[in-house]
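> With chain A fixed as given, assemble chain B onto it according to the hints.
Residue strings, one per chain:
There are 2 protein chains.
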Amino acid sequence: MSDTRIAMVHGSGGKATGELIANIFAKEFQNETLNQMEDSAVVDGSAKLAVTTDSFVVTPLIFRGGDIGRLAVCGTVNDLAMRGAVPKYLTCGFILEEGLSIETLRSVVHSMAETAREAGVAIVAGDTKVIEGNGGLYINTAGVGFVPEGAEISAEGAKDGDVILVSGTMGDHHACILSTRMSIETDVASDCAPLNGMVKELLDGGVRVHTLRDITRGGLGTVLKELAEASGTVFSLKDGLVPVTDRVRDFCGLLGLDPLYMGNEGKMAVIVPAEDAERALEIMRKNRYGRDAARIGSVRKANDDTEKGRLIMETAIGGKRYLDVLQGEGLPRIC
Amino acid sequence: MSDTRIAMVHGSGGKATGELIANIFAKEFQNETLNQMEDSAVVDGSAKLAVTTDSFVVTPLIFRGGDIGRLAVCGTVNDLAMRGAVPKYLTCGFILEEGLSIETLRSVVHSMAETAREAGVAIVAGDTKVIEGNGGLYINTAGVGFVPEGAEISAEGAKDGDVILVSGTMGDHHACILSTRMSIETDVASDCAPLNGMVKELLDGGVRVHTLRDITRGGLGTVLKELAEASGTVFSLKDGLVPVTDRVRDFCGLLGLDPLYMGNEGKMAVIVPAEDAERALEIMRKNRYGRDAARIGSVRKANDDTEKGRLIMETAIGGKRYLDVLQGEGLPRIC
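So the sequences go chain by chain: A and B. Per the numbering used here, the first sequence starts with residue 15, numbered consecutively. Per the numbering used here, the second sequence starts with residue 15, numbered consecutively.
Some hints could be false.
If several chains are the same, the list does not tell them apart, and a pair holds so long as it fits within one copy or across any two.
[As the list claims (entries may be wrong)] Calculated lysine to any residue pairs in the SDA-like style (CA-CA distance at most 20 Å, straight line): (1) K29 - G342; (2) K29 - R19; (3) K214 - V100; (4) K322 - G171; (5) K315 - S250; (6) K41 - R120; (7) K173 - E240; (8) K322 - K334; (9) K62 - M51; (10) K29 - R347; (11) K62 - V100; (12) K29 - E343; (13) K315 - D272; (14) K62 - A136; (15) K173 - A316; (16) K29 - K322; (17) K214 - S115; (18) K214 - E166; (19) K173 - R293.
Just so you know, these hints were derived from the structure itself, not from any lab. Since we're looking at a predicted model, the values are computed, not measured.
Only chain A is shown next, with the shape it has when bound in the complex (with noise of 0.2 Å):
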């Protein structure tokens, strides 16, 4: 392909969306089932499926730590995995605006296959189009996961007695896209990843999820405060507990932001029984993806109606916030 940038005529659906197929998704993606070319993938089922889909919109596309690709990859990987499912099939919807460079396509359509690789998924079916535009790119992947006999992870799972842990810091994703939006200089970088390694290991480690969250838009306020709904439980936080890097809470003073309401993409919220959690803790410690890894609350049962799905920040001096789902706009196009 000689061309450098994207024109209205790659989204014919005639010989030029063939060659962009052929000479770049085809390339990177290839596996047998893709290879064929046919309406839909025809691929091995099982008995229960996990089934989920997530657009991206991320601006800048590329950023220190990742990129739109790895980004559409890891959201839809981590929600499978998130149900304890095995993430099995994903597909890929590309929107291309006229005018995006070649070269960026390529970059970020190679970032998918390698994080596809390191997630263990096979990317079987895409469509691209192409719209009027100034150069920009969104992506859908929706994903199939096989869910094996018995996992009962569920947003409503969490129970009294039960602990609430994270699998590491809060906010550098946020932090990373804002600061580069806003030519801030810092190292921040993303913390964009696919968890289903983690996930695994715990639950081959014998742990009992009752839930798992990964912390995305919204931040870790609003996904606690909607599993304290989903469970009709109180979930209490420590202030003080919630892991963020000192780089993250310095950029985070400066422009008055809370890492609470702040985006991830590679983090979870994992709720287990009291007496599981120090293993928990260990075994996520041990991946990559997890040495951050703390427990920074607690689940009690409701006293009456108007507890329940309560979240609670208790303060060192014995103080209590309640807090509430993401006010406001939060941060556009993070992902």
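Same frame as chain A, now just chain B:
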């Protein structure tokens, strides 16, 4: 929801996103799985799966005979059906441009829900992002279908002696979108329709279907050229047999368009052994989306390697024209 237009805040992942999902998406798409609002949906599986994805960027969003929502459901349902699969689950990724009218979104989502019911598929997972813009809307749908034991419908299935059928008239969707955009007064409606019912009727009727392909972007010419190449055979069409309505023919005459390269959204090519052709036509013509089904050509084996993959149009007076896939731009944002 009192808002009348989409704003960036609807993409925050916090409170406003939650309200949008509850008030617009969940209401229309409700089913037990989606209602759980988990990171991924857990659903029953099958030994063989068909998996596909498609993004939709059509403009205008609403047109005679359909809208982007109906298109998004039909496109993915049809891609699954083309492998002989029974479409089961859809995921929907919405990318909303700031300024999109909530009323338009509501109407599109309603149309998706209705079309999903018609096609017998459940929408089990979704995602919503908001970007800057001018009230546009992009939808990705990915789909999972169950492939029945023994189904062997594929792009390379065409064999010597087979007959090529199409399920109806060519160019309706293309003419509808283009005339709307050019403000040409016409009553041509899009043919946008789910074809899985007709495919099921063909298979249940014992027709030995070798190949199915829905005829979308790129048109019949592109589709048949690709199928001839995939099967390594020679496809011959007879001029005058490809069904086109008078209205679309007039429209094409006016603008110098060739119905063979115009997009459709509810039509398929069907390749079957000659002995099964009449029965297939009979079955298709009984279906509301197959009333104009017609036999348009035949398949023969290539005499040598240079002939493999040829698509030939034979004129009434014995002339021959070799057809290729669509060259050039086609119609931007037709689907």
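> Run every hint past the structure and note whether it holds.
Hint check results:
1. K29 - G342: between (45 Å within a copy, 7 Å between copies)
2. K29 - R19: within (16 Å within a copy, 39 Å between copies)
3. K214 - V100: Only inside one copy: K214 and V100 sit 8 Å apart there, 31 Å across copies, limit 20 Å.
4. K322 - G171: This pair counts as within: shortest intra-copy Cα distance 14 Å, inter-copy 59 Å.
5. K315 - S250: Classified as within; 11 Å inside a copy, 72 Å across copies.
6. K41 - R120: within (10 Å within a copy, 40 Å between copies)
7. K173 - E240: Result: close within a single copy only, 14 Å intra versus 56 Å inter.
8. K322 - K334: For K322 and K334, the Cα distance is within 20 Å only inside one copy (16 Å; across copies 76 Å).
9. K62 - M51: Between copies only: 18 Å across, 27 Å inside.
10. K29 - R347: This pair counts as between: shortest inter-copy Cα distance 16 Å, intra-copy 33 Å.
11. K62 - V100: Close inside one copy (11 Å) and across copies (17 Å); limit 20 Å.
12. K29 - E343: Classified as between; 9 Å across copies, 42 Å inside a copy.
13. K315 - D272: neither (27 Å within a copy, 68 Å between copies)
14. K62 - A136: Classified as both: same-chain Cα gap 18 Å, cross-chain 16 Å, threshold 20 Å.
15. K173 - A316: within (10 Å within a copy, 68 Å between copies)
16. K29 - K322: Classified as between: cross-chain Cα gap 18 Å, same-chain 59 Å, threshold 20 Å.
17. K214 - S115: neither (38 Å within a copy, 43 Å between copies)
18. K214 - E166: Classified as within: same-chain Cα gap 14 Å, cross-chain 35 Å, threshold 20 Å.
19. K173 - R293: within (18 Å within a copy, 60 Å between copies)
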